[in-house]
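Peer 1: If you want the building blocks of each chain, they are given just below.
There are 2 protein chains.
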Amino acid sequence: MTAIQVPMPASTAASITPAAPLAQIARDTRQAAQQLATLSTAAKNQAIEAIAQALAADAEAIQAANAADCEAALADNLAKPLYGRLKLDGVKLKGAIAGVRDVAKLPDPVGTVQIHRELDAGLDLQRVTCPLGVLGVIFESRPDAVMQISSLAVKSGNGVILKGGKEAVRSCQALVQAIRTGLSHAGVNPNAVQLLTTREETRALLALDKDVDLIIPRGSNEFVQFVQDHTRIPVLGHADGICHLYVDAVADLDQAIAIAVDAKVGYPSACNAIETLLIHQDIAATALPQLAAALTDKGVVLRGDQATQQLWPAAQPVTEADWSTEYSDLILAVRVVASVEAAIAHINTYGSRHTEAIVTEDAAAAALFRNQVNAAGVYHNCSTRFADGFRYGFGAEVGISTQSMPPRGPVGLEGLVTYKYHLIGQGHIVATYAGENAQPFTHRDLS
Amino acid sequence: MTAIQVPMPASTAASITPAAPLAQIARDTRQAAQQLATLSTAAKNQAIEAIAQALAADAEAIQAANAADCEAALADNLAKPLYGRLKLDGVKLKGAIAGVRDVAKLPDPVGTVQIHRELDAGLDLQRVTCPLGVLGVIFESRPDAVMQISSLAVKSGNGVILKGGKEAVRSCQALVQAIRTGLSHAGVNPNAVQLLTTREETRALLALDKDVDLIIPRGSNEFVQFVQDHTRIPVLGHADGICHLYVDAVADLDQAIAIAVDAKVGYPSACNAIETLLIHQDIAATALPQLAAALTDKGVVLRGDQATQQLWPAAQPVTEADWSTEYSDLILAVRVVASVEAAIAHINTYGSRHTEAIVTEDAAAAALFRNQVNAAGVYHNCSTRFADGFRYGFGAEVGISTQSMPPRGPVGLEGLVTYKYHLIGQGHIVATYAGENAQPFTHRDLS
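Protein sequences, first through last, are from chains R and F. The first sequence begins at 1 in my numbering and counts up one residue at a time. The second sequence begins at 448 in my numbering and counts up one residue at a time.
Hints are computed from structural coordinates only; laboratory data are not their basis. Each residue gets a CB set at the ideal place from its N, CA and C atoms; glycine is no exception. It cannot be assumed that every hint is accurate.
A short, non-exhaustive set of chain F residues, derived as facing chain R with CB atoms under 8 angstroms [stated by the list, open to error]:
(1) T559
(2) H563
(3) L570
(4) K657
(5) D658
(6) A705
(7) H793
(8) N821
(9) A823
(10) G824
(11) S830
Per label pair, the in silico range of CB-to-CB distance [said to hold, decoys possible]:
(12) R:G99 <-> F:T488: 39 to 47 angstroms
(13) R:H443 <-> F:V560: 53 to 61 angstroms
(14) R:D89 <-> F:S487: 52 to 60 angstroms
(15) R:E200 <-> F:Q757: 25 to 33 angstroms
(16) R:E71 <-> F:E767: 50 to 58 angstroms
(17) F:A654 <-> R:E200: 46 to 54 angstroms
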């Protein structure tokens, strides 16, 4: 193990030597990734199993490092929720190691032939999925993210440069040391997984647009926004989750109530929770008081427009800013709208293109909503909270993207690969297919 | 036609009234695009046919506008190649109108179901392709691009904001006027196709990251680089095309010579032409003089490293800068390398991730090259110049992307669409699938 360049163990974290310049780290990562890209599915799965074994073998050191992080966090008065995410006890670690092994069971996203076409006799075009190259993953607190991301990176044939939160530095170092040990036990260059530990390195990482192919930020909205604003590298993720539930004129009211409660109350700080409830004016007199009662009963504070306040006087007055606010809390903005078109216009103006739902028995209204709402998920008669890679059956979730271009919505392993065109000929040149006696292409699909 | 807000005809171009503020234009375009997104394939094809008819009906006015542009260009001493691209005579216009009709024949990229999965009984997930929304297309000279891009935008259900070169302003205005007339004849909101005419608007367009979903720049490398450097909107395109041909130790020399000549001489300013020739040292003594003779015979000037100069003394000395230069001319850098690994390392250092080719009879070397070269196209025993949407059989080419993330390489109509997740339930909520008595998902693929 002496040959492997790894950060020092947790106990000497304070005396850690400065890392190699970041550009060199990125190049080392890319070189290791080049080797990963050529590994078979079986070889990658063996590497993942070796990671799981190394993590289990180092469990004691990892928990000791985490205990030191937690102690320092208590001394620093770290906020309670952050502290909860930082803590990595034996049960959580065991679960995370099981999660690493689950990644081995996922289908290999590399090597899928998407297009196979004969351009002419003996000239064979294939579009084949391949790794992106080097991922940059920046996360706050949660040290368990290190294990999940590293195994997903190996499975997809990518190198990964991790940057964890300052408060989790000892935990991350112990975890990455074990992961790198596992990789080298499996004969894989451990430089495929790297750890950065300083804040300055985050900015430097975001500037490496020639060496890093995708940035995945995990953390608060402000944090993701910061990342998006400071890099030219593609970013997989979303800053805001401003989701709406629209209750149409001909809605099943019981469904509407159950969905509204589920989408708001189940986990209010989830990005797929709703922030605004829109109600068609024709059903508002009946529906709004019942919806409001059910939500209030669960502790939700309502902020309504004038029409809402008339039907539910306890509602606080809503302001323009509310429509663009992700409360992440038991607060819900409510607006009465004149039509499905008005609901769509509201959503396309204020929504964050995450997930939007309509409750209606009117198929035409549902179709219009589906076609015209601009969002990664457009739902009919179900809760926005289904927007999740695991619930979609992707087996893992890399992130949820609210960008227009693919990958969009909940992204599984396929978000970590791209494709190449392989063209295999027998000396074919384009001159054959140009000019007066141009030979035509056959363009015959072979699969 | 009076109700349609179109730019003034060419003859009064000088007195044109200022356009609406750009943000308003973008919103108008998005609204029109929302309608386009709901049209059937037949309705979109009818709109494209109406565009073709309107262009044919306005042919005289369009040619007059173009003649005025050409006259002004002559007076301004426009560079010859730009002038050639600006000129839109009767034959070229007829060809472009036929090209518009060809777009109607392409398969509709919208509405393809990519995933269809039952999450649980009655809870149906579909991933369906849909338009991106609003495209921003910025091009130099070539007024014929207006017709191709507009018809591709309509076919893919997108609105488009066009910005043509200053020297083509009258031609573009006449073309867009005809296209908008065609759209309104087909009952489509003509705001789906907009034209900007001033340089200030280009910068303003690039800043509209909330209103424009994709920027497609068409022009010189410097121009594309400028666009990439001044926008947060995704950019489809490539600034550089630094492609390599590597002749391996066990190559068919006749193939290598034919491919080298085709890839360098056929159209030296094409982005898929080669800029550097790499030759394995074991074959160099025989191969290099023959390759050099064939290329020199076609007027190619060679710039070689020391080993090259020893074998072909007429070669000029190469400098470090040559390896990163897109000559777009009959100049070729030549380097002798020690191995396929050295060739891969050179390409991954200096290439622009466009298209790279190996000539070899060694299947293992070809596989290594395919797996480890980082480029949109990795070819074996054929010319790099096949990298082209039409040659790939896409029916149209929107651009060639050298980014890592998809869409990559030559991009057809599918590069103008994204996807949405539709989830249709019967009142389903996530609470059912959480907690102690959590119901499992079925995750049953239905297609």
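Peer 1: Give a verdict on every hint.
Peer 2: Taking the hints in turn, this is what the structure says about them:
1. T559: Violated. Min distance 12 angstroms.
2. H563: violated, 12 angstroms
3. L570: At about 6 angstroms, which falls below the 8 angstroms cut-off, the nearest Cβ of chain R leaves the hint on L570 (chain F) intact, so it holds.
4. K657: violated, 10 angstroms
5. D658: violated, 11 angstroms
6. A705: holds, 6 angstroms
7. H793: violated, 14 angstroms
8. N821: holds, 6 angstroms
9. A823: At 6 angstroms from the nearest chain R Cβ, A823 (chain F) passes the 8 angstroms test, so the hint holds.
10. G824: holds, 5 angstroms
11. S830: It holds, given that the least Cβ distance between S830 (chain F) and chain R is near 5 angstroms, below 8 angstroms.
12. R:G99 <-> F:T488: 39 to 47 angstroms: Given range 39 to 47 angstroms: holds, Cβ gap about 44 angstroms.
13. R:H443 <-> F:V560: 53 to 61 angstroms: violated, 24 angstroms
14. R:D89 <-> F:S487: 52 to 60 angstroms: holds, 58 angstroms
15. R:E200 <-> F:Q757: 25 to 33 angstroms: violated, 48 angstroms
16. R:E71 <-> F:E767: 50 to 58 angstroms: holds, 53 angstroms
17. F:A654 <-> R:E200: 46 to 54 angstroms: Distance hint for A654 (chain F), E200 (chain R) is violated at roughly 30 angstroms.
Against the hints set out earlier in the document, violations occur for numbers 1, 2, 4, 5, 7, 13, 15 and 17.
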